[in-house]
Amino acid sequence: MHVSGPSISLNKVSRHYGRVRAVDSLSLEIAAGSLVALVGLSGSGKSTLLKMINRLVKPDSGTIRIDDEPVDSIDPHILRRRIGYVFQNIGLFPHMTVARNIAIGLELAGENEGRADCVAELLDLVELPRDMASRMPDQLSGGQQQRVGVARALATRPGLMLMDEPFGALDPVTRDNLTDQYKTLHDKLGLTTIIVTHDMAEALYLADRILVMEDGQIKADATPAALLSGNVGEAAEALVAIPRAQAAHLIALSKLS
Amino acid sequence: MTGPWQQAFARVPELLAAHVQISVSALVLAMIICLPLAIWAARSPKIAAVALTAASLIQTIPGLALLALFYPLLLGLSALVGGGISAFGFLPALLALTLYALLPILRNAVTGLSGVDPAAKEAADGLGMTSGQKLYYVEAPLAAPTIMAGIRTAAVWTIGAATLSTTVGQPSLGDLIFAGLQTQNWTLVLTGCLFSAALAISVDLLLGLIERGIRQRRRILVGAGMAVIAAGLLIATLPLMIVRDNIVVIGAKNFSEQYILARLIGSRLEKAGYTVQYRDGLGSAVVFQALSAGDIDVYVDYSGTIWTNQMQRTDMLPKAAMLDAITRWTSANHGVKMLGALGFENTYAFAVRPEDARAKSLRTLDDLARVSSDFNFGTDVEFLERPEWQMVQAAYPIRFKDARSFSPTFMYPALASGEVDVISAFSSDGRIAANDFVILEDSKGAVPSYEAIMLLAPDRGSDDKFVAALKPLIGAITVENMRKANYMVDREDDKKTPRQTALWLNDKLRE
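From first to last, the protein sequence lines stand for chains A and B.
So for the first sequence, this note's numbering puts the first residue at 5; every next one is plus one.
So for the second sequence, this note's numbering puts the first residue at 14; every next one is plus one.
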């Protein structure tokens, strides 16, 4: 089930809401197969940036390319079928079984052969028992629901995954588990992933590249190690300071006992 | 089961079939209009506001008025496009009931569609669904229970309001209710109410079952509900599928005399080999147009009504000249044949107690004027506002001590008991003879003539067999016999049906 994720390039992309510049003439290159975290405070423009890649939000200006193909050169719904999309509110269809939720992308693409096998494989992949296929979404816990959400996004074997605070509403243990497992999945499938989060600790742990956004622009672009070592700007430093201080406090506590 | 119930029930299958047909048609049409509109409205708040306001506005018009409004509207439309649109029967009823069903369906569909979880919609977009796919896979199924609840409400409203479509000539269970109310035949009223209520309740229960099935995602409930509805629809409308051609439709306005005369005409036509249907309870304004359009074949009207309402005349002619003028006018302007006068009048007549007539030697309206300052006047609710009263006052110096209004049912007892001393009766009303009331002669001819006249639709005027069957009725009904006949239907004890009375009247025809 190995796929190879595409590269992404943004050139002077802008999006305004009234007088607010959510994304302001932003240029960016993302290498194929990377796991990029977009970090920033609320309103920094990170969700808007993410949604412009699958055209849930249309840019006012600039071009976005996936593997050198401009995203506006094809129908938006065709584009979106090639991209996995996972978001905080999950959005499972409450009137469909887990199996149908997972396979809905295949149904849309008219792939009728071997859907059940595919569902079973995807349930394995997101570490859910296979007999969950016949359940309805409201019989699942929040963590289980988001695993189904990830499985649904992966069903059409997209190379690119866009994730908007995917684990933000889950309890810390479940969240940690899922973060861990997704990282493994990303590597195993060779995906390109862009994940939006406001949690720097999660970004530091998960990503191999971290972009810090503020006022519609990228204020820092570094590896987790480089971010932690400092000298990457004020905006980044403010965000990194929190997990660093927490870690220091925990270490101090453990030395006391 | 006793006689009256049997007679009432015998009419149910055909009326129920027509009732189901008009209700279902209106409901389906309303759904065809509302569902696309709701989809549009759910995507645009501006459209939603306009559509819902319009639907609410329609709902504030009383059902009876809405039906009545469609009559002139369709007439005007028909005139505009050069004829061919029927303002009578199915079409106006369908349009009015459809408009009535719009609001609940539209409101629930908009609520249902705009209430779909935004997360589900975002997921649908993210998965690459087109707008149509999003509607089919996500929005429609999630909004379905709410939409179904709206359809259910609309169905119950429509079945109830369909009883009113009788007034524009569309057969329905309302035929029983309206006829029963007029002739004070409570068996008919109850039968009509019973069946329309039973129909509404069973449809409500079945649609409720389907709604529950959709809500709980239990296909078996949905399937079962739909199967029962389909079967019920088929059985209920079965009487409509029996094709009969050359049916004669006889019209009648909404009072006992009209019901009796319609049955009298009907029984004679049946004897001549025609298949007969009745459209009872038609409004005065509707019935003449229906005749000239050929929607009904024959009915009895009154010369004064045609004179003032249809011909818009305000002058007065002697009886014979007036009938001549009417005959020429209906034939020239509408192709309607005036077959002739039946021999009696139904006009406003002043009636007094026999002992007063004797003691004060009252014979004419001049005599009444002489004693009017001592007399209390009893009248129906509209007479004092009508042109006939002004005509009487202009001709005779009448000044009553006091005037009181009654419904016709109570006007006659009021005179009998001495509560009032003179009433404005209907000259062919049976309760005049039953109380031995004396009618005072209008010696100056102030009140216009209201001769009962038989009118035939354009196609029937040249149908010799048809004319031959009805010709013996011309000049053959005396006012005494008509009064007796009306009384047989109107009285409280030993009530007769219009049909029984018509047969009695047929034996009393003047040669």
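Misleading hints may appear alongside valid ones.
As the list claims (entries may be wrong) - Which residues of chain B face chain A? A partial, calculated answer using Cβ under 10 angstroms:
no. : residue
1   : 131
2   : 137
3   : 150
These are calculated hints, taken from the structure and not from any lab test.
Given the structure is predicted, the values throughout are model-derived calculations rather than measurements.
Ideal placement from N, C-alpha and C gives every residue a C-beta, glycine not left out.
- Which hint numbers doesn't this structure obey? Structure breaks no hint.
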